[in-house]
Amino acid sequence: MPAYRKLHSYQEGAILLEGLIAILVFSMGILAIIGLQAASMKTVSDAQYRLEASYLANRLVASIWTAGPSQIANYGLPGGSSETLAEWLADVKKRLPGAETKAPTVVITGDAIAGFTATVTVFWQPPSETDPHSHTTIAYINTNPTP
1 MPAYRKLHSY QEGAILLEGL IAILVFSMGI LAIIGLQAAS MKTVSDAQYR LEASYLANRL
61 VASIWTAGPS QIANYGLPGG SSETLAEWLA DVKKRLPGAE TKAPTVVITG DAIAGFTATV
121 TVFWQPPSET DPHSHTTIAY INTNPTP
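Residue numbers (this note's numbering): 1 to 147.
Do not take every clue at face value.
[Stated by the list, open to error] Capping the alpha-carbon separation at 30 Å, the derived lysine-lysine pairs in DSS-like fashion look like this: (1) Lys102 <-> Lys42; (2) Lys42 <-> Lys93; (3) Lys94 <-> Lys42.
It should be emphasised that the hints constitute simulated quantities derived from the structure, not laboratory data.
Just need the whole structure built from these sequences, with the hints factored in.
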């Protein structure tokens, strides 16, 4: 048997094997891209919820700033009696997933002379997770500005 025929018989199917390996490598690359896309979509969703929570907390702090010193204590949660606070709570439950299960907290400390400190914590739970996330905003509210 000639030498070139022996060599040829050893290489039968090598091109098919190379093609299958190339398809495998290409498929793994496509799966990696799909995984990255899914991870980026989750990150964008998390960022959107954090942005909403930050906006809502800052909006409540702005309402507390505009309230008079005698009304600031009505913004504390749980137990606050401000109408603006009730509207804000309804908006939080509407905008953030899972906000019904873990209510926001608003802690007001201080007095009208020394000033108030408002700590607003907003909770939400993304649909694909079991643990709630939170965003906390702390604001100092000076009700007795010096001229």
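Checklist entry - Is it true that the CA of Lys94 sits at most 30 Å from the CA of Lys42? => result holds, 20 Å
Item to check | Restraint status (C-alpha distance of Lys42 to Lys93 at most 30 Å) | outcome: Given pair Lys42, Lys93 holds - Cα atoms ~21 Å apart, limit 30 Å.
Item to check | Restraint check for Lys102 with Lys42, where alpha carbons must lie at most 30 Å apart | outcome: holds, 22 Å
Checked against the numbered hints above, the structure violates none of them.
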